[in-house]
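Chemist: Spelled out from the first residue to the last, the chains are:
Protein chains: 2
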Amino acid sequence: MRISQLFTKTSKTAPADEVAKNAQLLIRAGYVYKVMAGVYAYTTLGLRVLENIKQVVREEMNAIGGQELIMSSLQKKSTWEETGRWDDEVVDVWFKSKLKDETEVGFGWSHEEAIIEMMKQYLKSYKDLPINVYQFQTKMRNELRAKSGIMRGREFIMKDMYSCSIDAKQHDAFYNATIEAYNRVYDRLGIGDDTYVTFASGGAFTQFSHEFQTICEAGEDVIYLHREKNIAINEEVLNDKTLTELGINRDELEKVKTAEVGNIFNFGTQKSEETKFTFTNAEGKEQFVHLGSYGIGITRVMGVIVEKFADERGIVWPESVAPAKVYLVRIGGDAAIAHADELYGELTAKGIEVLYDDRDERPGTKFADAELMGIPYRVTVSDRLLADEKYELTPRVTGDTKLLTRAELLDTLG
Amino acid sequence: MRISQLFTKTSKTAPADEVAKNAQLLIRAGYVYKVMAGVYAYTTLGLRVLENIKQVVREEMNAIGGQELIMSSLQKKSTWEETGRWDDEVVDVWFKSKLKDETEVGFGWSHEEAIIEMMKQYLKSYKDLPINVYQFQTKMRNELRAKSGIMRGREFIMKDMYSCSIDAKQHDAFYNATIEAYNRVYDRLGIGDDTYVTFASGGAFTQFSHEFQTICEAGEDVIYLHREKNIAINEEVLNDKTLTELGINRDELEKVKTAEVGNIFNFGTQKSEETKFTFTNAEGKEQFVHLGSYGIGITRVMGVIVEKFADERGIVWPESVAPAKVYLVRIGGDAAIAHADELYGELTAKGIEVLYDDRDERPGTKFADAELMGIPYRVTVSDRLLADEKYELTPRVTGDTKLLTRAELLDTLG
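Residue numbers (our numbering), protein chains in the order written: chain A, 13 to 426; chain B, 13 to 426.
Rather than coming from a laboratory, the hints here were simulated on the basis of the structure. Where hints are given, some of them may not hold.
For chains that are exact copies, the list does not tell them apart, and a pair is met inside one copy or across any two.
[Said to hold, decoys possible] DMTMM-like mimics (lysine to aspartate or glutamate), calculated; alpha carbons at most 20 Å apart, straight line: (1) K136 - E373; (2) K110 - D99; (3) K88 - E286; (4) K110 - D100; (5) K139 - D372; (6) K108 - E155; (7) K89 - E298; (8) K24 - D140; (9) K66 - E80.
All figures in this text were calculated on a predicted structure; none of them were measured in a lab.
Just chain A, same shape as in the assembly (with noise of 0.2 Å):
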């Protein structure tokens, strides 16, 4: 993509009220328009990042025999009332809104309520089971602040995967297949050196669930973390009897902030006894379904990288997420720019996405939106180079700069 056919521009400022480094960058790198508090539009580019994001996520879920589909944002009040999240008492992150008649309707802050009343309507024997289904939603919820950027939205995506089992066995199995998706999800984003399963709460079948908590400082969450045994404890259930069954010293733990990227959840039959979510088993009999909801902040998780990475310069992006692979600087005069144009058709056609700044602007200016940018590699072509036969190549995370011929840059970057 030209540089010079983007809507948006980099700038040196963000808008005035707006505190989170993540947003601050992404706001000046172009990627990210902020509508209002904890509300954000997503540009060609930070769409991009958000598709690659989901590319991957998508690929680990489906390898997990996890199936896409797309719930709706409207909800209906019966379908929360019967497990009494309906109440704003009890949930108090509804946005409500009104037919015309006068009906009640929410937008899906969660969507486990909806999936089961959807499930009870195609499960009904064992044979139908196991079955995990999940989606890219959008989100809405009525924080009271927001000013996490886009790392806690008012409206956000969210992968929400949920799982029916016939029993604790099947359940275990996927909640233990889905660990390990997690642990490939933030490997490939890579984020996975930092991020630990973590010990949270549970519910009222089990004792824990699982957070995945990626180090950060900008994070809302402290965890306590044993590096030697790679166990890590949140806050909330770090106690005695907790140390105990993991066979931890307390002094051996070190407290860290950290950002919340991912959750597990056990729901055993809690909630299909609320909602009656049954199936008939191989002797006739009627069980309850178990149920296990799987989350990851797709936002949010672009939020934590860039917060995690980024340096004075700007954003650095991971390849696997990055909006393109390459960005290309073109300095000079009409034989650099017939060159440049050039060496972006051959990388694109290649299936490299480049970058290509093809502006009249100082050499310096798109160095800085190189940088700001974050684009893992930049690639110039100058007449000073050119008449050495030579490229300059600079990864984004080193800022060494290499000179290169033809065959080595393309080697480099195949």
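On the provided structure of chain A, position chain B as indicated by the hints.
Modeler: Positioned in the frame of chain A, the structure of chain B alone reads:
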């Protein structure tokens, strides 16, 4: 995909309150789940159809220089007050709610005002224009009645595109390019022959806008068609002045029922004057931006395709939108199973999408489901056919079964 693993099931009946043929069939075939009147979830197969339609639209919008982005559903009151369209007396389909501090917010039923507010931040100079952006957005409209299935939802997916141009000439060039792009879209979706560019009422700036109307008994519109001259006129502008201008006699026109599958609108500078959206021209003077708005109802198009092509046995998808090209029916014992498994693998490896009916059901049930689900080609593998080294191939459109060798089968499907 194996049918045995799909969570959906076909059904002989649709919900009693569902009167629209499109929704009845989509629900029975397992593409769509009804959440409430006018609100539907899309299952794994339904989502595939939606994504296929979106991809066709995406390719054609990209081909005319459109940049994809995604706006927010949540809307600020101030954004819409400038043009008077926050008022429920002016726009009667708003869903509105409130933030915790009592600030009113709306849910996007359109994004015209929102995109202008955003573009004002980026587009300042004639050098920044023209720009065309589009999104696939979930729109919310508080419709009084919702009886047309997915053809008129309270929550639905729309492709909405917006153009910003320096003058009428630049605007017109893009407007006309969009007409051609839309025609290509409808051609590729299989409804091109019955879709007409239709003169409809304009606004303050133009005499006419243009709608894309598809002949469809279930449609809510009526147009007057001059088949010979390929001119269509919406009821609302059918008057002597229009007829004289188009050189048509009233008695040459055929009255037909249609569904609006797209519309395009030239705002001229009306909206930019209301919202003070200006740019600096080459002479350094402020001028108002020329704006256009271009919609395609993605979910509506899906509904129209069902309405138009369905027969008494079920849905008939055009290949371009079908969730799979082949419905593979397996009949018989171990040999047929092994053979069908192997064929499923081979077709899938060739990139041909296959719905594999691997269930232990009677052949009649499988054939009926293949027809209800509307998959373009049914392929049957059975013990009897294997004995003759033959396969049955049955196109959904004709229902004519042919006996083919393996080479002939692969050649036909390839």
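Chemist: Each hint should be assessed against the structure and marked as holding or not.
Modeler: Results for each hint:
{"no.": "1", "hint": "K136 - E373", "in the structure": "between (64 Å within a copy, 17 Å between copies)"}
{"no.": "2", "hint": "K110 - D99", "in the structure": "both (16 Å within a copy, 16 Å between copies)"}
{"no.": "3", "hint": "K88 - E286", "in the structure": "within (17 Å within a copy, 38 Å between copies)"}
{"no.": "4", "hint": "K110 - D100", "in the structure": "both (15 Å within a copy, 13 Å between copies)"}
{"no.": "5", "hint": "K139 - D372", "in the structure": "between (65 Å within a copy, 12 Å between copies)"}
{"no.": "6", "hint": "K108 - E155", "in the structure": "both (13 Å within a copy, 16 Å between copies)"}
{"no.": "7", "hint": "K89 - E298", "in the structure": "neither (27 Å within a copy, 51 Å between copies)"}
{"no.": "8", "hint": "K24 - D140", "in the structure": "between (56 Å within a copy, 18 Å between copies)"}
{"no.": "9", "hint": "K66 - E80", "in the structure": "both (12 Å within a copy, 16 Å between copies)"}
Hint compliance for this structure: hint 7 is the single one not met.
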